[in-house]
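Participant: Below are the chains, spelled out letter by letter.
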Amino acid sequence: MQFTAHQISLLLGGTVEGNPDATVNQLAKIEEAQNGSLSFLANPKYEQFLYTTNASVVIVNKDLVLTGEVSATLVRVDNAYTAFSVVLEQYNTLKLNKSGIEQPSFIHPDAQIGDNVYIGAFSYIGPGAKVGNNSKIYPNSYLADNVTIGDNCTLFPGVKVYFDCVIGNNVIIHSNTIIGSDGFGFAPTEDGSYKKVSQIGNVVIEDNVEIGANTTIDRATMGSTIIRKGVKLDNLIQIAHNVEIGANTVIAAQSGISGSTKVGERVVIGGQVGMVGHITIANGSQFQAQSGVSRSITEENKKWGGTPAFAFNDQLRSHIALQRLPNLEKKVAELEKLIAELRNVSI
Amino acid sequence: MQFTAHQISLLLGGTVEGNPDATVNQLAKIEEAQNGSLSFLANPKYEQFLYTTNASVVIVNKDLVLTGEVSATLVRVDNAYTAFSVVLEQYNTLKLNKSGIEQPSFIHPDAQIGDNVYIGAFSYIGPGAKVGNNSKIYPNSYLADNVTIGDNCTLFPGVKVYFDCVIGNNVIIHSNTIIGSDGFGFAPTEDGSYKKVSQIGNVVIEDNVEIGANTTIDRATMGSTIIRKGVKLDNLIQIAHNVEIGANTVIAAQSGISGSTKVGERVVIGGQVGMVGHITIANGSQFQAQSGVSRSITEENKKWGGTPAFAFNDQLRSHIALQRLPNLEKKVAELEKLIAELRNVSI
Amino acid sequence: MQFTAHQISLLLGGTVEGNPDATVNQLAKIEEAQNGSLSFLANPKYEQFLYTTNASVVIVNKDLVLTGEVSATLVRVDNAYTAFSVVLEQYNTLKLNKSGIEQPSFIHPDAQIGDNVYIGAFSYIGPGAKVGNNSKIYPNSYLADNVTIGDNCTLFPGVKVYFDCVIGNNVIIHSNTIIGSDGFGFAPTEDGSYKKVSQIGNVVIEDNVEIGANTTIDRATMGSTIIRKGVKLDNLIQIAHNVEIGANTVIAAQSGISGSTKVGERVVIGGQVGMVGHITIANGSQFQAQSGVSRSITEENKKWGGTPAFAFNDQLRSHIALQRLPNLEKKVAELEKLIAELRNVSI
Chain A
5 MQFTAHQISL LLGGTVEGNP DATVNQLAKI EEAQNGSLSF LANPKYEQFL YTTNASVVIV
65 NKDLVLTGEV SATLVRVDNA YTAFSVVLEQ YNTLKLNKSG IEQPSFIHPD AQIGDNVYIG
125 AFSYIGPGAK VGNNSKIYPN SYLADNVTIG DNCTLFPGVK VYFDCVIGNN VIIHSNTIIG
185 SDGFGFAPTE DGSYKKVSQI GNVVIEDNVE IGANTTIDRA TMGSTIIRKG VKLDNLIQIA
245 HNVEIGANTV IAAQSGISGS TKVGERVVIG GQVGMVGHIT IANGSQFQAQ SGVSRSITEE
305 NKKWGGTPAF AFNDQLRSHI ALQRLPNLEK KVAELEKLIA ELRNVSI
Chain B
5 MQFTAHQISL LLGGTVEGNP DATVNQLAKI EEAQNGSLSF LANPKYEQFL YTTNASVVIV
65 NKDLVLTGEV SATLVRVDNA YTAFSVVLEQ YNTLKLNKSG IEQPSFIHPD AQIGDNVYIG
125 AFSYIGPGAK VGNNSKIYPN SYLADNVTIG DNCTLFPGVK VYFDCVIGNN VIIHSNTIIG
185 SDGFGFAPTE DGSYKKVSQI GNVVIEDNVE IGANTTIDRA TMGSTIIRKG VKLDNLIQIA
245 HNVEIGANTV IAAQSGISGS TKVGERVVIG GQVGMVGHIT IANGSQFQAQ SGVSRSITEE
305 NKKWGGTPAF AFNDQLRSHI ALQRLPNLEK KVAELEKLIA ELRNVSI
Chain C
5 MQFTAHQISL LLGGTVEGNP DATVNQLAKI EEAQNGSLSF LANPKYEQFL YTTNASVVIV
65 NKDLVLTGEV SATLVRVDNA YTAFSVVLEQ YNTLKLNKSG IEQPSFIHPD AQIGDNVYIG
125 AFSYIGPGAK VGNNSKIYPN SYLADNVTIG DNCTLFPGVK VYFDCVIGNN VIIHSNTIIG
185 SDGFGFAPTE DGSYKKVSQI GNVVIEDNVE IGANTTIDRA TMGSTIIRKG VKLDNLIQIA
245 HNVEIGANTV IAAQSGISGS TKVGERVVIG GQVGMVGHIT IANGSQFQAQ SGVSRSITEE
305 NKKWGGTPAF AFNDQLRSHI ALQRLPNLEK KVAELEKLIA ELRNVSI
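Protein chains in written order, with my numbering: chain A, 5 to 351; chain B, 5 to 351; chain C, 5 to 351.
Where hints are given, some of them may not hold.
Each pair may be met inside one copy or between any two copies, as identical chains are not told apart.
Said to hold, decoys possible - Straight line, CA to CA, 27 Å or less: simulated DSSO-like cross-link-like pairs of lysine-lysine:
(1) Lys-33 <-> Lys-335
(2) Lys-233 <-> Lys-266
(3) Lys-307 <-> Lys-199
(4) Lys-335 <-> Lys-99
(5) Lys-49 <-> Lys-33
(6) Lys-99 <-> Lys-199
(7) Lys-134 <-> Lys-99
(8) Lys-200 <-> Lys-49
(9) Lys-66 <-> Lys-233
(10) Lys-341 <-> Lys-266
(11) Lys-233 <-> Lys-134
(12) Lys-266 <-> Lys-306
(13) Lys-233 <-> Lys-102
(14) Lys-134 <-> Lys-102
(15) Lys-99 <-> Lys-33
(16) Lys-200 <-> Lys-233
(17) Lys-233 <-> Lys-306
(18) Lys-307 <-> Lys-102
(19) Lys-33 <-> Lys-306
(20) Lys-334 <-> Lys-99
(21) Lys-200 <-> Lys-266
(22) Lys-49 <-> Lys-335
(23) Lys-341 <-> Lys-33
(24) Lys-66 <-> Lys-33
(25) Lys-334 <-> Lys-102
(26) Lys-200 <-> Lys-134
Just so you know, these hints were derived from the structure itself, not from any lab. As the structure is a prediction and not an experimental result, all values here were calculated from the model.
Work out the full structure, taking the sequences as your base and the hints as a guide.
Facilitator: Right, here's the structure in full:
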């Protein structure tokens, strides 16, 4: 893939400053760019690199005033950051432009496959499963009986979806993530062993959700584990049975949400956070990385941290005070002595 | 799958109250049930829903006294919860009723395959591997050389079992879990790099164990990493080399047990707990979520929490006191001043 | 595989003491060894077992002075530990001695496959991908377009490598690990939803790296996520986009490194550690398990622990003091009373 500065300016509705025939075949950060790279400058903090970069073409804001000599060809646009995002997206679309059904793959005769799909080799589409139009199922993936995948979805290699789960439109799921494994439900018996509680619910994932790699979302015991529209989940996350994650909530890697907990909308959860089961988290709540959340949060839009989690600023103060705790103990011991002396004097 | 109230009463040994021809084709919670659903009422707390539910058939206790009008057909049984569990199990058994060998799959001529098995497409059974009777190996799974799988096991899609590992009877392993990967063993060398210590042991999993999705159990350096009978492991758990987990112990998601640690029987470990290596945990111990266990526990049946873990109630008190620590610091500073004043007075 | 004491002595350059025809067909710890086992004694702490072991052959140090009767045949060598490591390695090499291309597999005509490779069944090698000489790609693995794998690498079953990623020589990657999934990058929009930021960089893994099972390493937004030579990563680790891990750094299971953080060389990171993004960690730093690292570390070779992490010994003292905190509160309350009394007296 090779483009000229002129072609890029046409794509972005920009104007060329320098050689319109300058060609690029890769994308790079302005400070790392080499000859043949296309780069961009949006943040004034990085302007210094514009005068030293080896990039062949740089996208800049229309109103940028140069303060030195630039060897790269410039493409001036209204908003360099947005324009470069458009280029990134185009690049990615070209890179992931797979279609057709590779062999060998396993497509059950009772499965329904939409138009313009990609089914990679060694993928398995079970009886009653549906794959929507323009969706991509990469190699080594598995869709069990009666799974529904909407339109414009991408399941990267090795994703496994258990029976009866429902996935909406424009959903991206990264490699080896599991949707619909059994919830962790066991009833203790008199001899100390546990009896499995059958997990016959499913997982419902709404539109525009993205899920990272090696994440696990368990099916509900009954009913559905639900991931609402626009949710973004990172890698290695655990979502237990009957959890509901509200719209546009974002969860960072290695966090875990225990069974039947209901997380609100627009919640932001840092990495390695844990939440106990059967609690409710108010809309707009934010949790610091490694928090442990042991009770429901009812006030919206507040920040929390620590284990057990309490108000973010308070727990920050507490954890800093914790560093001084051995000194505080010494000080109290000294005060004890002084008081004993005073009591001797005063009595 | 469609059943009448009459058929259900025959299966459960119950009696019908209402229309014996009422038909159901799905299972649902009583508060979410729609027309055509079978539901149950066991907990008196939910009795109110019995009078408003849209379920077509509800299983209830024999001795339930109605306090209002019910539109659903009732099936009365000795124990509604147990009876419904039987229905759930039947449902699940029908849903997972796969058998036969799908193509393409890879079964080495030196592998031994039992009777009435399911081998999914794109599964790999290596030389010397054995799969017991009535076991199900779902698609994209991998059994390396000389792996033994007992009778009545289910390996969901994408499970990988490394060479020489031994799995007992009635074991369930969820998708993409890894059994027998190399233990994390490296010897430092003089130049600062590390030399791999070969890991030639195996993993032994006893009967009636269930393991969640994306969990990892490393093989022993020598000897065996052992998961005793009846153990239940959740998703995304790490079990390091040469660990032993005692019978009927339960571990929640994202916990990790370091090398050579020996966990007792009937231990309950919450989510995101970490245990250091080379320690021993007494039978019946319980660990709060996110605990960090840094020493052996010798007393049985006690509760622990925090990092480093100490007695559960004590650490709860400590962590609540931690929230008041900045205030305590202020108070001590005030006392210091008061004492200084008193000393001025008394001297 | 069966060997005599004589054959083992030839392999190791040792001398036989006892029956040179004693045969072994397995390796075992000296305290667990059965008839037919080869074992070793290096640590004097275990010498007692030499006089009771059922091993048929034991490798011992040349200068070991016996203090009792030994039934096993001995092979005396300069260094029993090193010699046994050689045996372990040989054993492992024989166990993992796969080669050839199994069918069905998917090798794109534009892929380049080196000499003496193993490509397992149901593996996928995309267009432009390269696999170096003597490398092993186990079943159900996936190498996307333009992936490069060096010489002498082992990818265990189910590893997925996204497009354009580059892996050096002598690299081992365990089952179901993901290399090159999208970084977790989303831009908030005005309506509260998030817009994906395309992730077009790659992952570069240098020589002699080993990576555990079910670990995830995200591709860079632009540029590369880099794992330097000799790094050892355990299972279930998260490495975010644009992270760099310095040479010979070791990270234990379930730790996570957030985006753009740069970890130095020879760093040792315990299990379940979290690091925030955009920080720099000095060479030789060590982090206790479950630490939370929230700021850059500039001093080399120091130990850290706790959340937020501070000097290891200090945080140990603080966490022990935390256990006494409720008592400290009581003591301060008593001092308050005493001071109040004293003030009454003195005023």
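Participant: Within a copy, between copies, both or neither: which one fits Lys-200 and Lys-49 at a CA-CA cutoff of 27 Å?
Facilitator: between (58 Å within a copy, 24 Å between copies)
Participant: Can you tell me if Lys-134 and Lys-102 fall within 27 Å by alpha carbon in one copy, between copies, both or neither?
Facilitator: Intra 19 Å, inter 20 Å, cutoff 27 Å: intra and inter.
Participant: Can you give me the call for Lys-233 and Lys-102, within, between, both or neither, at a CA distance of at most 27 Å?
Facilitator: Cα proximity of Lys-233 and Lys-102: one copy only (25 Å, versus 33 Å across).
Participant: One pair to classify: Lys-200 and Lys-134, alpha carbons no more than 27 Å apart. Within, between, both, or neither?
Facilitator: between (30 Å within a copy, 26 Å between copies)
Participant: For the identical chains here, do Lys-200 and Lys-266 meet the 27 Å Cα criterion within one copy, between copies, both, or neither?
Facilitator: both (24 Å within a copy, 25 Å between copies)
Participant: Under a CA distance limit of 27 Å, which applies to Lys-307 and Lys-102: within one copy, between copies, both, or neither?
Facilitator: neither (42 Å within a copy, 48 Å between copies)
Participant: Cα distance capped at 27 Å. Does Lys-66 pair with Lys-233 within a copy, between copies, both, or neither?
Facilitator: neither (36 Å within a copy, 43 Å between copies)
Participant: Between Lys-233 and Lys-134, at a C-alpha cutoff of 27 Å, which is it: within one copy, between copies, both, or neither?
Facilitator: Within one copy only: 20 Å inside, 39 Å across.
Participant: 27 Å Cα cut-off: does Lys-33 pair with Lys-335 within a copy, between copies, both or neither?
Facilitator: Cα proximity of Lys-33 and Lys-335: none, with 54 Å in one copy and 53 Å across.
Participant: Have a look at Lys-33 and Lys-306 and pick one of within, between, both or neither, based on CA distance no larger than 27 Å.
Facilitator: Neither, since 36 Å and 33 Å both go past 27 Å.
Participant: Give the relationship of Lys-66 and Lys-33 under a CA distance limit of 27 Å: within one copy only, between copies only, both, or neither.
Facilitator: within (19 Å within a copy, 60 Å between copies)
Participant: Check Lys-341 against Lys-266 for me: Cα-Cα at most 27 Å, and say if that holds within a copy, between copies, both or neither.
Facilitator: So Lys-341 and Lys-266 fail the 27 Å test inside a copy (52 Å) and across (46 Å) alike.
Violation of the numbered hints given earlier is confined to hints 1, 4, 9, 10, 18, 19, 20, 22, 23 and 25; the remaining hints are satisfied by the structure.
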